[in-house]
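Chemist: Going down the list, the sequences are from chains A and B.
Taking this note's numbering as reference, the numbering of the first sequence is continuous, increasing by one, and the terminal residue is 732.
Taking this note's numbering as reference, the numbering of the second sequence is continuous, increasing by one, and the terminal residue is 252.
Quick caveat, the hints were computed from the structure, so don't treat them as lab data.
It cannot be assumed that every hint is accurate.
Short, incomplete list of chain B residues facing chain A, as computed with Cβ under 8 Å [stated by the list, open to error]: (1) Gly73; (2) Arg79; (3) Ala81; (4) Glu105; (5) Ser111; (6) Ala113; (7) Val121; (8) Ser142; (9) Leu177; (10) Asp178; (11) Ile180; (12) Arg183; (13) Leu185.
A few chain B positions that, by computed beta-carbon distances, are all more than 12 Å from chain A [to be verified]: (14) Asn47; (15) Thr95; (16) Val249.
Now the stretches of chain A that chain B is said to cover, found in silico as 3 or more residues with beta-carbon under 8 Å [as the list claims (entries may be wrong)]: (17) 296 to 309; (18) 361 to 372; (19) 414 to 427; (20) 540 to 548; (21) 553 to 565.
Owing to the predicted nature of the structure, the values given are computational and were not obtained by experimental measurement.
Where a beta carbon is used, it is the ideal one built from N, C-alpha and C, also for glycine.
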Amino acid sequence: MTRHRSATPALVLKLARVVLIGWLRRPGAGPRRVLILAMAAVAALLAGSAGAAVWLAATESFKDVQGGVGVLPIALVVGVFLMTMLVSISVQGAGSALNPSVRSLVALPIEIRVLSFGLGLPGVALTIALLALLSPPLVVVLVGLTGYGLAHAVFVVATAGLLGLLAGRILFTLVRRALVGSGRLAPLSLTFAIGGWMAVSALSLWRVREMLAAGLEPSTLTQHVALLWPAVGAFALDPTGLSMVVVIGVVVVAMALDWALLGSAAALGLTAPPVVPVRVRFSSTRRAPLFWLEVGRLVRHRRTVAWMLSSALVLAGLIVATATVDAGGRASMVDNAVLIACQLLSYLALLARGMSKRERPYALVLGLDPHRWARTVMLAAGALALVPLVPFLAALAALSRDPSVLPAGIALMVFVLVAASAVGFALVPGNDNAGAEFPAAAAVFAVTVAAGLAISQLIGTTELLPLASIMALVATALAWLPGAIEAARWQACRGIAGPISRLAPWAGQRS
Amino acid sequence: MSALTMHPLERQAPNAGSVADLFVEIGSFTLGPLSLQLRGSEILCLLGPNGAGKTTLLRALLGLIPVARGRVEIGGRRPRDREARMLRTIGAVSDDPTDLVEELTAEELWELHSYAHAQVAGTVREMMARARVLAEQLDFAPPDSPIQGYSHGMRKKTQIVAAMLHSPAMLMIDEPRNGLDPIGIRRLEQLLREQREAGTAVIVASHDLYWAERFSDRVCVLAHGRVVGTGPPSTMIEAADEDFSDAFFRLVSGE
């Protein structure tokens, strides 16, 4: 293909503008709503990060591994790496929802690599913007915790963020390229990439913990660097020395790999819609037909099935990790594993609402009661989440020799389920709104951590069973919330202003 | 009651509903002021160029869009209240082929619709029997796989059957011919004529002039959100040398 090289940057920018305009003009997303969602995403990020840091400090999770290296700085830098990686994956997943516009652009005489890069650029810019917003408090905390100079702390956070961004891009593109040949699995790139991210997270956190437990000295971190570049950046590097060159080299190699992967049409993710086999049939004569209808929809949807499979893999990994931890650290490991499992499985509740149209879901068209429908969706997602959760909790209970893990885990799941349903009904992440997935997941995590901290302060204990039981009671009392949000949306659809639609215009929809 | 007879509740003819001084505002587009009588045993075609407000009017009739001013009433009830008894009397097919529960098969979707309507009147069994008859009339043998994999035409037929299986007193179809092959179009026309004979108020939105002239009892021509002409197609022709398409272009251009 002949093209003046000087025209390429302008073309890339024009393509990037197409994607940006697409984001801003998504169905049901007016500029005001985009702003509100962006602010909510940033707030969720900040709240989640701060909450996670306080959570780590407040619980005794790492009590047994406090050594020469403080745990909080490592957790913070690894957190930056992992969160940036997740944002990067999530944003690319949102971009893949623009498939129709991508299809039309493919016919243009533009090199695939340029097309891929241009269409991905807004995602990179958005991720960097989010990182920049998040950076000041992180840098301040890092300086306070480590005594680094400001430039060193900025370098460490930027390195962790940039590596997270590149890791997310590479992982997503690799997954997409691997799946694009499979018509049935190709649309699930985002889910599989997030599954991959979860695996990276679990391994990263596990390695951090293992190394700290071994009384690791900063200089030996380089011997265990797999998945731990952020930690290397934080503790083993002198920004003026040879090690800095190594990190910069890694960044350059990652960028080159990212660029190389964009050269295939598969990177664009042009895929056919999934066709799902019918295994469980809907029948109106069965008891609670709407419940089974929603269960059937979740089970038939490749996104949710793939998510359940990914979660099951991670849960199995958590069991293995728990089994390998010595008896002293196992209790705190179990608590964290339960929290992670509940977060993972809450994704079903988060995505369930998005499987129906945002503006006119089938329940509205058929004249069903919004409260009843929301309750049904929530129960269906909860029932499916229990399928892998119960054996997982039973295994943890056996490993920790603490039977209370089972009821505590189920109680925590009740809370997370209600939180995820409420967020899912408010933001409607999923099929036609993949861009909302990340802020929604972050919001659920932030709400769970914040509620856990608040209740533990109130009752004066961090024991999981009493804490989770009270959280479950709170959630039960708030179980009406998803239905109220949906009712407000339906009222807005008909031009009826209710109290919720006045207070929260984002819960409604543009007509 | 046989599978193909109507429930007494569904009978609203001859005055099936009305629209009076309707105003709908969507961004910079305004529909109205608009008044219209909806009659049973009649095929009313909403005609107009793209963006004239045909789909918006149908959504207002279904209570799925905020009405700024005016009154919409179907069978004595306001659509915006979305009462189950009112919804039981309406069948609607949108022009969006994704307006379906795509994880279900066509049969399952029809059963879901039957179940919802049976909460008010009738039985699932009756409505499913009617659905199968309707599918046969449309020459549609739905595959036992999720709608997600259906073609545009199969989706349209699935939507049409779902909208008619409860024998509605008012049937609204947006762009009925879109996605259908010539055989499908002919079968649908036959089906709609049968509905009209049975007393149903059939409202279709289309931009196909020749089809509207041939097929409808009355047309309502919309342009820029306003009614610019209404009546039987033949009465809209003013001059001897004018045909229906000339009349249409004269009306929408405001000459």
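Chemist: Would you mind marking each hint as holding or not holding in the structure?
Modeler: Going through the hints against the structure:
{"no.": "1", "hint": "Gly73", "result": "17 Å, violated"}
{"no.": "2", "hint": "Arg79", "result": "6 Å, holds"}
{"no.": "3", "hint": "Ala81", "result": "5 Å, holds"}
{"no.": "4", "hint": "Glu105", "result": "4 Å, holds"}
{"no.": "5", "hint": "Ser111", "result": "7 Å, holds"}
{"no.": "6", "hint": "Ala113", "result": "4 Å, holds"}
{"no.": "7", "hint": "Val121", "result": "5 Å, holds"}
{"no.": "8", "hint": "Ser142", "result": "6 Å, holds"}
{"no.": "9", "hint": "Leu177", "result": "21 Å, violated"}
{"no.": "10", "hint": "Asp178", "result": "22 Å, violated"}
{"no.": "11", "hint": "Ile180", "result": "25 Å, violated"}
{"no.": "12", "hint": "Arg183", "result": "28 Å, violated"}
{"no.": "13", "hint": "Leu185", "result": "21 Å, violated"}
{"no.": "14", "hint": "Asn47", "result": "18 Å, holds"}
{"no.": "15", "hint": "Thr95", "result": "8 Å, violated"}
{"no.": "16", "hint": "Val249", "result": "25 Å, holds"}
{"no.": "17", "hint": "296 to 309", "result": "violated (count 0)"}
{"no.": "18", "hint": "361 to 372", "result": "violated (count 0)"}
{"no.": "19", "hint": "414 to 427", "result": "violated (count 0)"}
{"no.": "20", "hint": "540 to 548", "result": "violated (count 0)"}
{"no.": "21", "hint": "553 to 565", "result": "violated (count 0)"}
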